[in-house]
Amino acid sequence: MTQPVLRTEGLVAGYVPEVDILNGVDVDLHDGEIVTIVGPNGAGKSTLIKTVFGLLAAREGRVLLRGEDIAGRKPHDISRSGLSYVPQLDNVFPSLTIEENLGLGALARKGTNAGERTERMYELFPRLGERRKQVAGTMSGGERQMVAMARALMPDPEVLLLDEPSAGLAPAFVDAIFEKVVEVNEAGVTVLMVEQNARRALAMSTRGYVLDLGRNRFQGPGGELLEDPKVAELYLGGGGSRI
Amino acid sequence: MEVEAAEAGAVEKERGRLAGLSSGASLSPPVVAGLIVASIAVALIVTQGLQPFGQTTVNGLISASYFALGAVGLTLVYGTLKLVNFAHGDLLTLGAYVAFVANVSLGLPILLAVLCSVAVVAAFGVATERVMWRPMRAKGAGLLQLLIMTLGLAFVIRYSIQLFAGTQPRSLEVDVTSSTSFVGLTIGQTQLIVVLAGFAVLLAVGAALRFTSLGKQMRALSDNFELAEVAGINTDRVVLATWIFAAGLAGLAGVLYTSAIGNMTPNLGFFLLLSLFAAVILGGIGNAYGALAGGVLLGLTQEWSTLLVDARWKLAVGFLVLILVLVVRPQGLFGRQERAL
Ligand SMILES: Nc1ncnc2c1ncn2[C@@H]1O[C@H](COP(=O)(O)OP(=O)(O)OP(=O)(O)O)[C@@H](O)[C@H]1O
Ligand SMILES: [Mg+2]
Numbered sequence: 001m002t003q004p005v006l007r008t009e010g011l012v013a014g015y016v017p018e019v020d021i022l023n024g025v026d027v028d029l030h031d032g033e034i035v036t037i038v039g040p041n042g043a044g045k046s047t048l049i050k051t052v053f054g055l056l057a058a059r060e061g062r063v064l065l066r067g068e069d070i071a072g073r074k075p076h077d078i079s080r081s082g083l084s085y086v087p088q089l090d091n092v093f094p095s096l097t098i099e100e101n102l103g104l105g106a107l108a109r110k111g112t113n114a115g116e117r118t119e120r121m122y123e124l125f126p127r128l129g130e131r132r133k134q135v136a137g138t139m140s141g142g143e144r145q146m147v148a149m150a151r152a153l154m155p156d157p158e159v160l161l162l163d164e165p166s167a168g169l170a171p172a173f174v175d176a177i178f179e180k181v182v183e184v185n186e187a188g189v190t191v192l193m194v195e196q197n198a199r200r201a202l203a204m205s206t207r208g209y210v211l212d213l214g215r216n217r218f219q220g221p222g223g224e225l226l227e228d229p230k231v232a233e234l235y236l237g238g239g240g241s242r243i
Numbered sequence: 001m002e003v004e005a006a007e008a009g010a011v012e013k014e015r016g017r018l019a020g021l022s023s024g025a026s027l028s029p030p031v032v033a034g035l036i037v038a039s040i041a042v043a044l045i046v047t048q049g050l051q052p053f054g055q056t057t058v059n060g061l062i063s064a065s066y067f068a069l070g071a072v073g074l075t076l077v078y079g080t081l082k083l084v085n086f087a088h089g090d091l092l093t094l095g096a097y098v099a100f101v102a103n104v105s106l107g108l109p110i111l112l113a114v115l116c117s118v119a120v121v122a123a124f125g126v127a128t129e130r131v132m133w134r135p136m137r138a139k140g141a142g143l144l145q146l147l148i149m150t151l152g153l154a155f156v157i158r159y160s161i162q163l164f165a166g167t168q169p170r171s172l173e174v175d176v177t178s179s180t181s182f183v184g185l186t187i188g189q190t191q192l193i194v195v196l197a198g199f200a201v202l203l204a205v206g207a208a209l210r211f212t213s214l215g216k217q218m219r220a221l222s223d224n225f226e227l228a229e230v231a232g233i234n235t236d237r238v239v240l241a242t243w244i245f246a247a248g249l250a251g252l253a254g255v256l257y258t259s260a261i262g263n264m265t266p267n268l269g270f271f272l273l274l275s276l277f278a279a280v281i282l283g284g285i286g287n288a289y290g291a292l293a294g295g296v297l298l299g300l301t302q303e304w305s306t307l308l309v310d311a312r313w314k315l316a317v318g319f320l321v322l323i324l325v326l327v328v329r330p331q332g333l334f335g336r337q338e339r340a341l
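Chains A and B, in that order, give the protein sequences. Residues 1 to 243, numbered by the numbering used here, are exactly what the first sequence covers, in order. Residues 1 to 341, numbered by the numbering used here, are exactly what the second sequence covers, in order.
By construction, these hints were calculated from the structure, which means they are not laboratory data. Note that CB positions come from ideal geometry on N, CA and C, so glycine has one too. A portion of the hints provided could be inaccurate.
[Claimed, not checked] The following residues of chain B were derived to be distant from chain A, with all beta-carbon distances above 12 angstroms:
1) Val-37
2) Val-84
3) Leu-112
4) Val-131
5) Ala-141
6) Asp-175
7) Gly-184
8) Ile-187
9) Leu-202
10) Phe-270
11) Leu-315
12) Leu-324
13) Phe-334
[Said to hold, decoys possible] Here are the simulated DSSO-like pairs of lysine-lysine, each with C-alpha atoms no more than 27 angstroms apart in a straight line:
14) Lys-110(A) / Lys-180(A)
15) Lys-74(A) / Lys-314(B)
16) Lys-110(A) / Lys-74(A)
17) Lys-110(A) / Lys-133(A)
18) Lys-82(B) / Lys-139(B)
19) Lys-82(B) / Lys-74(A)
[As the list claims (entries may be wrong)] To be clear about the criterion: a stretch of chain A counts as covered by chain B if any three or more of its residues have a C-beta under 8 angstroms from a C-beta of chain B, and this derived list gives those stretches:
20) 79-89
21) 103-109
Assemble the whole structure, with the sequences as input and the hints as a guide.
In structure tokens:
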């Protein structure tokens, strides 16, 4: 098999001394994939992504980007090597306009043509183009999620890390966001995402991981995980056939 | 039939009224504030006469220039580092005294003295970041510890200046006697320069924050530090730039203040600090444009109030306005109530 574009090996991390939230997590992400991480609240999904992105120090283990260990590097540095991250919460600059939010995204990679990329983002998210002068703090939750995604896509990353892109959104927006994720992926961006909307997310994923208590519990192609009765019972809220 | 038509008409009217109301509510708060200020100005012109109004406006613009330039740094440092810097007022004092040393002790021309002030205070700001604030942040210091440290730093600066310069008032070598008159309004020659220079810098600062990449990065850090880092901004670099910017402008504001009122004492920054905080809070804490606007608003209000009440009350009136604004809009003029997701 080819070298994964991103891989974590035995990742251990946590917020307070002595308390590990991740207890050795192994995740692989190959070129062109959409990989979804599911798991109960507090499983450490957001913590995993934060550690990959350098917001949290890895206590043990490695984070390999195309074989190179990036653990210990600062987030702004990591964002320069083709990785982009959309946090779960507070993922826009509220007092800045849409246009300014996107413009800042272009800083992640030298030589990015901000104007051109911004127009590209307005094509991808026409709603943002209509509101380019509006400050992000006054937008709806769904619109903000689009701003956040567009900002992360500005430097034309190879890999996009999404932490619960559909959280708190109305069904219409959930569909729209998932469609965009697929569209972005088809345009060549590899996607690693965390999702509460586990069934929907796994159904559109190449592969998935179930994380629990900071450990890998299950993994496999998205469809297989969906059909695994154990996964369904423990993590997807029942088989859905009875009652 | 007729009754129905009349009713329909009434409903139509009511709808129109509601539409009018809702479009009124969607006006941005700074615009509403501007309209209110304009109507107060008109009321003052009508009741007090054009000349007194004009004269207090001129006086208001003089204080506005140093309020705004002092406040913008205070708000940016708070926004970026969540540091409530009680030593910020004393950076203005430091600026004034550095100008004094350069201008009077060393005999340099005033323009050079101003540049010295800006450079020395900016360097001092960077030094405090390196020696105190960055290490404290790295150790995870709490808000309260940081606050006490800024208070301590304020005293250290003030008493060090007092130790070297004494408490007697001192003046720069600027012309404080001659004045210019036009259309019946009088302004000291130096004060005129203060206003012109102050507002030129103020506009430049506003434009720099709005249009330059560094300005956008500063506002971004002020909004959300962690996201700025994630978005690819080198936050260490922007924090240093913020200190240079904030402290340099404080130094300039100190020189402008002492030039406008004609003298300096080691307490000047301490007395200005409360007004700077008022300007910051008025504009919405952490918002750079807000601090600029808040400073101008505070300067004008304080001076306009002298038309109606004794000048001794002007500080109190300034704070009365602050309280009124906050009652209506707790987040300040430019501040935003965070929408829940
Ligand atoms: N900043 C923090 N400081 C201390 N503990 C934290 C912090 N953030 C998260 N934790 C703890 O780490 C654990 C894992 O949190 P994490 O946010 O990674 O979960 P998650 O799987 O993303 O959950 P959710 O589905 O609710 O988003 C939780 O027990 C949480 O309380
Ligand atoms: Mg999470």
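Worksheet entry | Reported absence of Gly-184(B) from the contact zone with chain A (all CB gaps over 12 angstroms) | 42 angstroms, holds
Worksheet item: Would the least Cβ to Cβ distance between Leu-315(B) and chain A come out above 12 angstroms?
Response: 30 angstroms, holds
Discussion item. Holds or violated: Lys-110(A) and Lys-133(A), Cα atoms, limit 27 angstroms.
Written reply: The hint holds at about 25 angstroms.
Practice prompt. Examine each Cβ of chain A, and state whether all of them lie more than 12 angstroms from the Cβ of Val-131(B).
Written response: It holds; Val-131(B) is separated from chain A by about 22 angstroms at its closest Cβ, greater than 12 angstroms.
Worksheet item: Are at least 3 residues of the stretch 79-89 of chain A within less than 8 angstroms of chain B when you compare beta carbons?
Response: holds (count 5)
Worksheet item: Regarding the assertion that Phe-270(B) does not contact chain A, is the least Cβ-Cβ distance greater than 12 angstroms?
Response: Non-interface label stands for Phe-270(B): nearest chain A Cβ at 30 angstroms, farther than 12 angstroms.
Worksheet item: Closest CB-CB distance from Val-37(B) to chain A, is it above 12 angstroms?
Response: Val-37(B) clear of chain A: closest Cβ-Cβ about 22 angstroms, beyond 12 angstroms.
Item to complete: With a cut-off of 27 angstroms on the C-alpha distance, tell me whether Lys-82(B) and Lys-139(B) pass.
Response: 15 angstroms, holds
Worksheet item: Closest CB-CB distance from Ile-187(B) to chain A, is it above 12 angstroms?
Response: Label holds. Min Cβ-Cβ 36 angstroms, cutoff 12 angstroms.
Discussion item. Just to make sure I understand the rule, a stretch counts as covered if three or more of its residues have a C-beta closer than 8 angstroms to a C-beta of the chain. Does the stretch 103-109 of chain A meet that for chain B?
Written reply: It holds, with 6 qualifying residues against the three required.
Worksheet item: Is Leu-112(B) truly not at the interface, in the sense that its beta carbon sits beyond 12 angstroms from all beta carbons of chain A?
Response: 36 angstroms, holds
Worksheet item: Does the structure keep Lys-82(B) and Lys-74(A) at a Cα separation of 27 angstroms or less?
Response: 21 angstroms, holds
Taken one by one, the earlier hints fail for this structure at numbers 13, 15, listed in ascending order.
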